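Q: Listed below, chain by chain, are the residues.
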Amino acid sequence: MVILEFFLVLIGITALGLLYGGIARKWSARIQRRYGPPFYQNFLDVFKLLGKKNTKSHGVMFALGPVIAFTGIILSLFFLPLGNSRPLLSFEGDIFVLFYLLVIAPLGMALGAGEAANPNATIGIARGLTLMLGYELIFFLSAIAVMVKFNTASLWKIVEIQGTFPKWNLFPFFLSAFAGLIALQGMMGEKPFDLIVAPHEIASGPMVEYNGKYLGLLQLYHAIAIVVETGLFVNVFLGGGSILTFILKTFFVFMLAVTIDNIMPRFRIGQAVKFYWKYPLIISLLGILVVFIWR
Amino acid sequence: MNGEMEILEKVKKAFGEKAETAPKWERQSEIKVPLELLHPLLGYLRAQGFGHLAMISCVDWIEEGEFELVYHLWSYEKRLHLLVKTRIDRENPTVETIIPIFRIAETYERELHEMFGIDFPGNPNLTPLFLEDWDGSPPMRRDFDTRKYVEEKYGMIDLTKELWKREEPVLEGENGED
Amino acid sequence: MERIEHFEYFIGPQHPGVTGNMSYHLWARGDEIVKIVSSVGYLHRGFEKLMEYRFWIQNVPMVPRICVPEPDVNEILYAMGVERLAGLEVPERAQYIRVLVLELARLSAYLFYFAGVAGALGLYTIPQWAIGDRDYILDLFEELTGGRVYHIFITPGGVRRDLPPGFKEKVRKVLKHLKDRLSDYDRLYFDNALFIKRTKGVAVMTKEYALEMGVTGPNLRATGFRYDVRRGDPYLVYPKLEFDIPVTGGGDNYSRVMQRRLEFEESIRIIEQVLDMMPEGPVITKLPNPFRWKIEKNDVYVRVESSKGEFGYYVVSDGSEKPRRIHVRGPSYTHGIQVAQEMAVGLRIADVPVFLFSMDVCPPDIER
Amino acid sequence: MGLFRWSQSRSLWMMHFCTGCGAVEMPPTMTSRYDMERFGIIPMATPRQADILLITGYLTVKTLKRVVRSYEQMADPKYVIGFGSCTINGGMYWDSYNTVKQLDLYIPVDLYIAGCMPRPDSIIDAFVKLREMIAKGEANGWKRYRENLEWYRTNQAKVFNVEKWSAIEP
Amino acid sequence: MGTGLKNLLNPLDAVKYLFKKPHTIRLPYEPKVIANRYRGIHVNDWDLCVGCGNCARICTCQAITMVPVEGIEPKPGSTNLRPKVDYGKCSFCGQCVDVCPTGSLKLSKNFNLISTNREDYVFIPSKEWDSGPGTGWESDLEYSILNFERVEMPERPPEERRKDFEPVILGFSREQAVVEGMRCLGCALCMDGCPTRMFIPQYIEAITDGDYEKSLKIFYVNNPLPEICGTVCTHRCEDACVYSRRGQPVQIRYLKGFGASRIDDRAKVLGTKVGTKKGRVAVIGAGPAGFTVSYYLRREGFDVTIFEALSVPGGMMKVGIPRYRLSQKILDREIGFITSLGVEIKYNTRIGRDIKLSQLLKEFDAVFLGVGFHRGIKMGIPGEDGEGVMQAVDFLRKVNLGEEVKIGKRILVVGGGDVAMDATRTPLRLGAEEVILSYRRREVDMPASEEEIKEAKEEGVVFMTQTLPIEVLRDANGKVTGVKYVRTRMEDQGPGRRPKPVPIMEETFIFEVDTVIEAIGQTPDYSLMEKEIREKLTFDKSGKRVVVDENGMTSVEGLFAGGDIVNYRGDIISAVADAVKAAKGIARYLAGK
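Protein chains in written order, with the working numbering: chain A, 1079 to 1373; chain B, 118 to 295; chain C, 505 to 872; chain D, 69 to 238; chain E, 1107 to 1699.
Don't read these hints as lab results, they were simulated from the structure.
Because the structure is a prediction, the values reported are computed rather than measured.
Treat the hints with caution; some may be incorrect.
To be verified - Below are the BS3-like pairs computed for lysine-lysine, each with C-alpha atoms no more than 30 Å apart in a straight line:
| id | chain 1 | residue 1 | chain 2 | residue 2 |
| --- | --- | --- | --- | --- |
| 1 | B | K270 | D | K204 |
| 2 | C | K672 | B | K141 |
| 3 | D | K226 | A | K1291 |
| 4 | E | K1690 | E | K1384 |
| 5 | D | K204 | B | K265 |
| 6 | C | K826 | C | K790 |
| 7 | E | K1190 | C | K798 |
| 8 | E | K1484 | E | K1384 |
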């Protein structure tokens, strides 16, 4: 039963993520004064990739990388409450597990891409891991503010305690929320923090050697990651809500990220990390400070 | 025009009769020198403010068995373009590099080396610039026939023969050749 | 020890980070470039050789291919060179039309340039906008010359056709559109905090270095040296037109971009004047028989200000129907090879494409 | 299989390789005025992920080497569009000593677009046609390449001035 | 950050486009308007196209080949070749269009050439392609790179020239000749127009290059009378010239005359060396055909004897063409060179009277008959016979030979050909007050060349077209007082046929003239031959002309013929062409003997 439920969630979330991706492409297209692809384009892409033949494998790790990333993100789904609906696994401290699982995926990619021995991929990984130092810390710090206030490390509880609209954490914790939003931008690899792929610099970075089914898997990973990451933010700061409102909220958060993605150039890696450790760090620390004072 | 004559006069004074100078077009003059005067002249002109080496051209005067090297100098202050020309032997073309005078000459000399087969002793980088796996003679020489080369290498369908033809007269004593 | 510290990688020829079909071989230590070697020749077609095989007039369709984003400078250079050698007079109206074509081409090349730099920076909305707007200029070209990209319009003796009816109004409309859009670009791009942060102070070129290395055009002006071929060695009717030579003078990526941004406005100004001042009259002088046109032995160097710098042709005739030698000086020749090799050392990996795009390196005119 | 083929025809990732001057008409096609992405066609920075290889114009010998290498790195099924007249019969460069004249001697070509250069309208028409061909299973260039590998390799080697040539070894 | 908050928020402005309509043109569903000058795929109007091949030559890419197309008949000035375009090479520059002299080749707005097959890109463009989106880049005379206007030949003013027999035309200067000669595209279509296929483009090239020796050599390949032809030729080549389709043709004739006039001493350039072949050939008639055949045979080494009835050489060139058109100097120069090679001429020797043809056939290895048409045709109207009415050929002969001719003050010339023109202009120079030309068709139908008509008009000849004389009126003394005539109307004979003049008999008019010159045509005089030979000869339907085979030989063995008695054109160049053919035939015939 649990497994069936889980599969339903998995398929639903994947579809949702792909749909988000498609809509995001249309959304960007509009800003760029064009129509863009059909909203179901990402489904087609994934179908195609899964049907393609792989040309060359660079070793076991190369093949395992996407699998690790994919399983990592699936595991994280266990801990993500879809709004008010209770996640499959929930316990005190699950938020730490979720954070940990979110790190697994990029690490898996790093391991796999590292095997490919393409300098572009290597640079991409180096950038990704460096950047992680930035956004993970900020996101964590902003979440800590909430955790400290509610005195819990369970996502589910955070959602439950928050309540509906005017009681969203966004308002009392606006500093932390703001810092979290910036961190989320980096976590999702949207500009100005998309240095991991950066086609003009390192030709799509870690994914440079991936193709066919591996790439399809990575696309699926990415689709789920969108929902998980935005969902995490929604749960912590925007009060979860019913499935429908949860979807609406994640959509909104994601589109905000996409909009910023379209109007910003990307940072240099040094600048990005420096940036994270400057303003967002100060803001998030201030947020924690405020909580302590408030408490 | 006055400034133009002035520099030409100066060149005449400094290098004597061996440097043939002549105004050519508006804001453009030419100086013809023998090879041994080339480097001193370029150095002198550089000191006179001709700091912009636009390019180095080579013209293959195959009938005369010579390459003509043309150094294009431009002075931003005097607003004058100088074509410094020198002739070198086609069989054994060697010119000392001018990198000490104009650093930018490196690539131009590299190209001339590849395209004409001219040697520039002193230039550290004379590796092929454009061509890879090249098997013909230096392509910009007049005696390199690109159409023949293409036909042999790429199997181009040669339409030139059937393209368009007209009768040609057979003149007396010429046996079919026009 | 050395071997571990450095790692090598390539950008190009198949790489979005390079301005066309060329490549750079880079050695990096960490995120810093320690050595860069350019590799060109992916586009070498041997135009100079091919031109020696063709009649004077047959080279007219040939030359635009030398610089793809801004082909008209080649047409004008070839035409100017041949006109000088053959002693042809160009009717005044034709000269105005030529300026119109050249400046429109400059606008389109600059829009391409903005798109390129923005693309390298990851600001993908700008390429979408700029190239979309550039297309309106291409529409104008199609209307005037019959071709979108290769116009083959400026021919020795004048231009091939007169303006079609109602063309001036269409140009004015497009200019107005571009001016309106320029404020959009300003807000999204030129005034964008991140753009400024990414480009300011990166790859600084001093005036002395630029002069020594033969850097020309906007790149030279961006170092603070006020010089423009249109004023310094004037051609066509530029002396009659009023325009400024803007100078930014930082020598970095930012000033190189802003230099073009300022010149963009000047070009619009020039076109507006041309539209007002254009006299009536013929647009082409009668040329001799195309198959039997011989030009006496002579040689000339002609130069114009292209969007990339000084473009020059050295045309040599030997009294036959075909040119003896045509040597093309592309501005990117120095920018893309020697200058890039020296300037890129010390840059961050991420800044290399931005630097190359900001120099407006265009491989076709390096290689011909 | 049908679903895969259909999705293939609607999601064509194009390799971002400006081989010749035709590449200058690609940006307009990709960007807002013509918006190629409407057909699910987007440029890809790496050959591994690309489905279409657009040969945008003439190929010099030096580029051809890279093109063949890139082509072989692409995953099956893959398609080649010869873009511009120069890929068909040499085009303007029919007597150039450094460009190859007939592209399909070296790599299989599924579709040609003539023009110097083709306008975006043509390019989009060609993509639509390629889409149909893929959906019907008519675009079989990649199969041809596999079957006649030796023949292609011989032709390539002739241009590269080597006895034997294979793209895989560097 | 170094920059203000403004710079951080400014970009958000771009979000406004989220709600605006994109400016994308949704191809292929929303078509884009193609500009009127678009340079797309070629279209070619096969009816207009003459297959000159200029498009093929101008093409930088060599994308155009000229290929024969079935169903198109080649004719002078138009071949059966049509351009075939290889779109694997074409670069759509439109130079082929600009250089197309006829304007048949155009570029259409059609640009879609998408195919899986390389062979699909090579085809012959025709008009069908036109049915697409319409034509784009078209040839425009105003901007054409070709020069459709000729250099006018300098002439003496009419008032001055009508007083004497000095040449009307003054000849090109060197500069004029170069400018005019440079117009020639070298497409060689004119060669199809020329009966003897002179190498026109090549000699024009030589003339403009200033290499007159070479041009002279080219002339003499198949025309030993270049300067004569360069002055009075009917220039069919110019009618065939591609420029004539939309402008003025290159003046090939005068260029030839210019080139030939540059070198006085032919022998110095061409040499007087003769070949080693043996054989004796008799040539009857010292006209263009006779001299031509003599020249080529003599060059080969044969012994040639010309029999001429008159006392002067030149035939019709001498006695038919007035001196103001062809000066004696030119005649002497050309003929003098031929005779200087060792051609013997027997003057005042009329065949049939002084010597028999059969005798010649016996004595000589071959006989060439080039007697021409020297007898005028009569109108056959009442009052025609008698003083005051004469044949144009007789009249011109007498004038040219310096004999006294009695003409009145008011002259009527009947006819519309070149002879008629000569017959109108000569009396003017002899002092006639008024010359009227009567022609039964319209002026456009006149067979005379345009410039002759123009010059005649300039000199004051009154043209009375669509008139038909029906009776010559004489007074009691038999003196001509006038000519009664009727008007005609033109009756359409259907497409492709010349309209027929139909006399309107209801009303008659009178020309008040005192002399009538008939110039309605000439006919040969075969009385010189014995009956047996005449019976053996094959004649054509009209009975006027002798039929010859491809060697120029008649049905009588050893008897060759050429000139007016063989061809239908009746001009010098055709006579030369026949003679060249016959000379080759004779040489072959003698070699086989």
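Q: Quick check: which numbered hints come out false for this structure?
A: 1, 2, 3, 5 and 8
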